[in-house]
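**Student:** In the order they appear, the protein sequences are chains A and B. Residue numbering for the first sequence follows numbering that gives the first Met the number 0, beginning at 0 and increasing consecutively. Residue numbering for the second sequence follows numbering that gives the first Met the number 0, beginning at 0 and increasing consecutively.
Treat the hints with care, as some may be off.
Any copy will do: because identical chains look the same in the list, a pair fits if it lies in one copy or spans two.
In silico SDA-like cross-links for lysine to any residue, where the CA-CA straight-line distance does not exceed 25 angstroms [said to hold, decoys possible]:
#1 K136 with R172
#2 K7 with G224
#3 K139 with A11
#4 K45 with E261
#5 K122 with P64
#6 K289 with R1
#7 K260 with L135
Because the hints were derived from the structure by calculation, they are not lab data. Bear in mind the structure is a predicted one, so any value in this text is a computation, not a measurement.
Number of protein chains: 2
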Amino acid sequence: MRMRARIKKLIAEGRHFLITTHIDPDGDAIGSVFALAFALESLGKKAAVYLQDQVPYRYEFLPGPRVYHTIPPDIFDAVFVLDCGSLFRIGSGHENVTKARDLVNIDHHETNDHFGTINYVDKAASSVGEIISGLLKYLKVAIDKNIAVNIYTAVFTDTGSLRYENTSLNAYRVCEDMVRAGASPSRIATMVYENHPKERYLLLGEVLRTLATYDDRIAMVHVTGDMFERTGTNSEFVDGFVEFIKEIRGIEVAVLMRELKEGLYKVSMRGKGTVDVAGVCSMFGGGGHKNAAGCRIEGTMEEARNRLLEALQAPGRG
Amino acid sequence: MRMRARIKKLIAEGRHFLITTHIDPDGDAIGSVFALAFALESLGKKAAVYLQDQVPYRYEFLPGPRVYHTIPPDIFDAVFVLDCGSLFRIGSGHENVTKARDLVNIDHHETNDHFGTINYVDKAASSVGEIISGLLKYLKVAIDKNIAVNIYTAVFTDTGSLRYENTSLNAYRVCEDMVRAGASPSRIATMVYENHPKERYLLLGEVLRTLATYDDRIAMVHVTGDMFERTGTNSEFVDGFVEFIKEIRGIEVAVLMRELKEGLYKVSMRGKGTVDVAGVCSMFGGGGHKNAAGCRIEGTMEEARNRLLEALQAPGRG
Numbered sequence: 000m001r002m003r004a005r006i007k008k009l010i011a012e013g014r015h016f017l018i019t020t021h022i023d024p025d026g027d028a029i030g031s032v033f034a035l036a037f038a039l040e041s042l043g044k045k046a047a048v049y050l051q052d053q054v055p056y057r058y059e060f061l062p063g064p065r066v067y068h069t070i071p072p073d074i075f076d077a078v079f080v081l082d083c084g085s086l087f088r089i090g091s092g093h094e095n096v097t098k099a100r101d102l103v104n105i106d107h108h109e110t111n112d113h114f115g116t117i118n119y120v121d122k123a124a125s126s127v128g129e130i131i132s133g134l135l136k137y138l139k140v141a142i143d144k145n146i147a148v149n150i151y152t153a154v155f156t157d158t159g160s161l162r163y164e165n166t167s168l169n170a171y172r173v174c175e176d177m178v179r180a181g182a183s184p185s186r187i188a189t190m191v192y193e194n195h196p197k198e199r200y201l202l203l204g205e206v207l208r209t210l211a212t213y214d215d216r217i218a219m220v221h222v223t224g225d226m227f228e229r230t231g232t233n234s235e236f237v238d239g240f241v242e243f244i245k246e247i248r249g250i251e252v253a254v255l256m257r258e259l260k261e262g263l264y265k266v267s268m269r270g271k272g273t274v275d276v277a278g279v280c281s282m283f284g285g286g287g288h289k290n291a292a293g294c295r296i297e298g299t300m301e302e303a304r305n306r307l308l309e310a311l312q313a314p315g316r317g
Numbered sequence: 000m001r002m003r004a005r006i007k008k009l010i011a012e013g014r015h016f017l018i019t020t021h022i023d024p025d026g027d028a029i030g031s032v033f034a035l036a037f038a039l040e041s042l043g044k045k046a047a048v049y050l051q052d053q054v055p056y057r058y059e060f061l062p063g064p065r066v067y068h069t070i071p072p073d074i075f076d077a078v079f080v081l082d083c084g085s086l087f088r089i090g091s092g093h094e095n096v097t098k099a100r101d102l103v104n105i106d107h108h109e110t111n112d113h114f115g116t117i118n119y120v121d122k123a124a125s126s127v128g129e130i131i132s133g134l135l136k137y138l139k140v141a142i143d144k145n146i147a148v149n150i151y152t153a154v155f156t157d158t159g160s161l162r163y164e165n166t167s168l169n170a171y172r173v174c175e176d177m178v179r180a181g182a183s184p185s186r187i188a189t190m191v192y193e194n195h196p197k198e199r200y201l202l203l204g205e206v207l208r209t210l211a212t213y214d215d216r217i218a219m220v221h222v223t224g225d226m227f228e229r230t231g232t233n234s235e236f237v238d239g240f241v242e243f244i245k246e247i248r249g250i251e252v253a254v255l256m257r258e259l260k261e262g263l264y265k266v267s268m269r270g271k272g273t274v275d276v277a278g279v280c281s282m283f284g285g286g287g288h289k290n291a292a293g294c295r296i297e298g299t300m301e302e303a304r305n306r307l308l309e310a311l312q313a314p315g316r317g
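Next up, chain A with everything else stripped away, as it sits in the complex:
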């Protein structure tokens, strides 16, 4: 493969690399970055990792190198940017990394804008973890336990535990390889999925009491500042709630409205493919993907809800 060969040559000729990924990083972002860092080190190279944001609590168990939150002032032979459709997605450092001689863009997003000097974009891959796994095989890197745990977590989380539509045949094969190299499926699942603070469940209890469905195909919940206060939580704790109510039988669109301040709501919308939720959110100045989008709406809770419902129930939207 031409791209892999170019990356191999660049690694062979260089000595000092920077690896980064997008803001608000998920399991695929962090697992892929850490795996590549370990791999480069095993090849006798120096690899620095830059993440604008902290590692989320559920991924803190991942073995990894030191993480820089500001870009070190070193001169890098190349910068690897993983899981980013556009360069600005890496956050505050994006003006600086273009100074590197080579910018290696490794991604699986449909919308990648080919910002690199090398663009290794495989839209059929379930995850960047899957791409990195293939790359390491090509580079003949020995997969040790540290690499295995990171790649397993990347692939497993980005396929929603091998449940989403992007679950490729190769995703199973990569998971199997990583388990053979030392990744423990049950330990990783416990760390990633069974690691929520108790307060999250108290908040979920409050939120579920607001559940309403419309036409048996739209499910809506909301969360208010009062609820955060009563349960000792904040907006971080609602992660996953909208996906959770999407599991209701027959539901095509799940909506979570979060009160930012009185009269202003942040809306998260998830679909099952029958409705283009990005299209609906764009009517309110928001956007996203076909199955996951967001926007902001002003007004009272009831006004906001009615405007959303009207948009979702408009002809041609379902």
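Position chain B against the provided structure of chain A, taking the given hints into account.
**Tutor:** The following block gives chain B in isolation, referenced to the frame of chain A:
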């Protein structure tokens, strides 16, 4: 393998088979039974399926043959009993099936009591689906889409989406094979995991408001008759709730108390391996497995909770 060879001979010589599994059947039970039925039919045999209980709603999407809820009066050349540690687990028909010339016991439980004339018990297998997959390969059965969907569902659900400790390397391989043969991971996940009635979420909201933790390692919730009434639900709807609160960070034991009538509670307990919950439940006349057990307790809610806590906090239990 000797057992497989004996099963192959028995199938070759017979013509009419009965296949059954345990009461309150799960995905592994139903998927394995249906897969074996399709396989026997593809070999030109007749296969009748007997289940004492209905197919649970989440598994109704599985392609399958006609299901008998009373054992047909036919004479069978052999009876296949899948996923049962003991014969009585099949329910009301267990006295009758022993009349068959051969009783083929295919299982993966630690505690299997070898009730068959042929006992193909593989304790290392993640699921009976995994065993059936190997058996069909041995029998040179072509895996069509109907078989693939059933085996995939069996393996995937019995490993908790490839998350539990029983997730073997071979489980990935079997899933991969079944996807190649036509099983759709995202469709199956939607049917199995995104198919709950709305009322379940309303009930969960009520139940989560009772959440209390003790020593940061025991989590307890309860559900009352009032809650069922308010949300239009019944005891079927609490399936999965106790596993859900086990996902709280640091929790080693999750407990759900269900009010059966005033002063009587059914207790479901789940552990993460550090506490033998079957041992705790046995103190109240109940039992189960190390990580999943149950019992009944009398008294007021508070008395019952205190007795459970005392047992869970006793020295040597954690």
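**Student:** State for each hint whether it applies.
**Tutor:** Hint check results:
no.: 1; hint: K136 with R172; verdict: both (13 angstroms within a copy, 19 angstroms between copies)
no.: 2; hint: K7 with G224; verdict: neither (52 angstroms within a copy, 65 angstroms between copies)
no.: 3; hint: K139 with A11; verdict: within (12 angstroms within a copy, 48 angstroms between copies)
no.: 4; hint: K45 with E261; verdict: neither (50 angstroms within a copy, 67 angstroms between copies)
no.: 5; hint: K122 with P64; verdict: neither (28 angstroms within a copy, 39 angstroms between copies)
no.: 6; hint: K289 with R1; verdict: neither (32 angstroms within a copy, 53 angstroms between copies)
no.: 7; hint: K260 with L135; verdict: neither (48 angstroms within a copy, 60 angstroms between copies)
Of the numbered hints given earlier, the model fails hints 2, 4, 5, 6, 7; all others are met.
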